[in-house]
Amino acid sequence: MDLDNQLGRKLFDLSLTEASGLAYDENTGNAEVTALVLEGNSESFPSENLQVTMTSATDYEVVAVDAQGKPLDGADVVTGTLTAGSADIVEYGISLNVANTANAGDKFLVKPAESAASEISLAVRRPEDIALASPVRVKDGMDNQGAASIELSAINTPDDYYDTANNTLLDSAPARIEITGKTGNSYDLEVFAKDGTSLGTVTGTTDLDGVLAQAGLADPDYDVDINGEPAVGDSYEMEYNLNGFDDNSNGQELSDLQRQQLVRRDGAEDFEPTMTFNESYGRLVSDVGSKVSQNRVLRESAEAIKGQTEALYESQSGVNLEEEAANLIQYQQAYTASARIITTSQTIFDTLLRSLG
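Numbered according to the numbering used here, the sequence shown spans residues 359 to 715.
Incorrect hints may have been included.
[Said to hold, decoys possible] 20 Å max Cα-Cα, derived PhoX-like pairs, lysine-lysine:
#, residue 1, residue 2
1, LYS368, LYS428
2, LYS497, LYS428
3, LYS497, LYS465
[As the list claims (entries may be wrong)] So the derived label-pair ranges between C-beta atoms look like this:
#, residue 1, residue 2, range
4, ALA442, ALA589, 53 to 61 Å
5, LEU600, GLY647, 20 to 28 Å
6, THR515, ALA589, 44 to 52 Å
7, GLN619, LEU374, 48 to 56 Å
8, SER613, SER479, 45 to 53 Å
9, GLY647, ALA626, 20 to 28 Å
10, GLY387, ASN585, 55 to 63 Å
If you are wondering where the hints come from, they were derived from the structure by calculation, not from laboratory data.
Don't be surprised by glycine CBs; every beta carbon is placed ideally from N, CA and C.
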């Protein structure tokens, strides 16, 4: 929840990360292939390019390739069938879309990482819109006799349980848990909605983690753990986190992402396929530095070869400017001398003509 008591929204906009597939020259169809980043699948999204091969008009094959366009050793070869021209390739963290008509054997080179890196944008501009608080808070019943406490353990997609217009939980949202029985270390409990309706029961459990999921709630928007030893009759409550300005639990979860294995190491199968954000960033800096160093050496080598080539060319067919300047002076002097001879000859000829006349 943000500072305005609104449910948090996405921090990044992935709608512009569409990568257009480059069609191979040998293609016979007129299909156009695009790929979008598949939200929530960063651990599958590779940094390498992908080759999409259409094995029929609707069937496809996707594999990660190296810089030369060859499939990586050990890379997943994902096959499937398009539905209405689209398919989610979760193994590579992309949503594939094919327009127009593809023929069997048509191939496309897709660069999803390149497009994602250049086109991803922020969806949140104000600090107040960053959801640092949890949308739900929990508390132990005032009359509890046991030695246990409730803890919010999961916040999932917030779609079903919230009345955001009135800043409260919906009447159908789980709001209370009661311990109804105990046998040794096994507990019975019941989950109630905000309006008092029973939503489900758990019988004979020794594990009080993920209570709502255990009670049969399908994909609950949130879940809780009960830690310790509750007593029969103890209750635990869940409510909308209105004005939860001193709550930074979601911010702590965001901070903890830096230590989780959420980034794919490479496009091939590996004994350690994922890495942390910090490791990924360090690897990126190292790779960029290495490539810059390599290119600097290549540039210096190219400049040396260029200089040697120019020297060789000039030694064979080049122009010596000093020699040419000396030749021009000689030509100028010869031209001047010739002009004087012509002038003198003309004068003598004119004199002879006058003497004969």
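Comparing the hints with the structure gives:
This hinted pair does not check out: LYS368 and LYS428 have alpha carbons roughly 36 Å apart, beyond 20 Å. With a C-alpha separation of about 57 Å, the suggested pairing of LYS497 with LYS428 is violated against the 20 Å cut-off. Note on LYS497 and LYS465: the hinted pairing is violated, with a Cα-Cα distance of about 57 Å set against a maximum of 20 Å. At about 55 Å, the beta-carbon gap between ALA442 and ALA589 stays in the expected band of 53 to 61 Å.
Range check, LEU600 to GLY647: Cβ separation about 49 Å, and the 20 to 28 Å hint is violated. For THR515 and ALA589, the Cβ-Cβ distance of about 34 Å falls outside the hinted range of 44 to 52 Å, so the restraint is violated. The hint said 48 to 56 Å for the Cβ distance between GLN619 and LEU374, and at roughly 27 Å that hint is violated. For the pair SER613 and SER479, the supplied restraint of 45 to 53 Å is violated, since their beta-carbon distance comes to about 22 Å.
At about 23 Å, the CB distance of GLY647 to ALA626 agrees with the hint of 20 to 28 Å. The hinted window of 55 to 63 Å between GLY387 and ASN585 holds, with their beta carbons roughly 59 Å apart.
Taken one by one, the earlier hints fail for this structure at numbers 1, 2, 3, 5, 6, 7 and 8, listed in ascending order.
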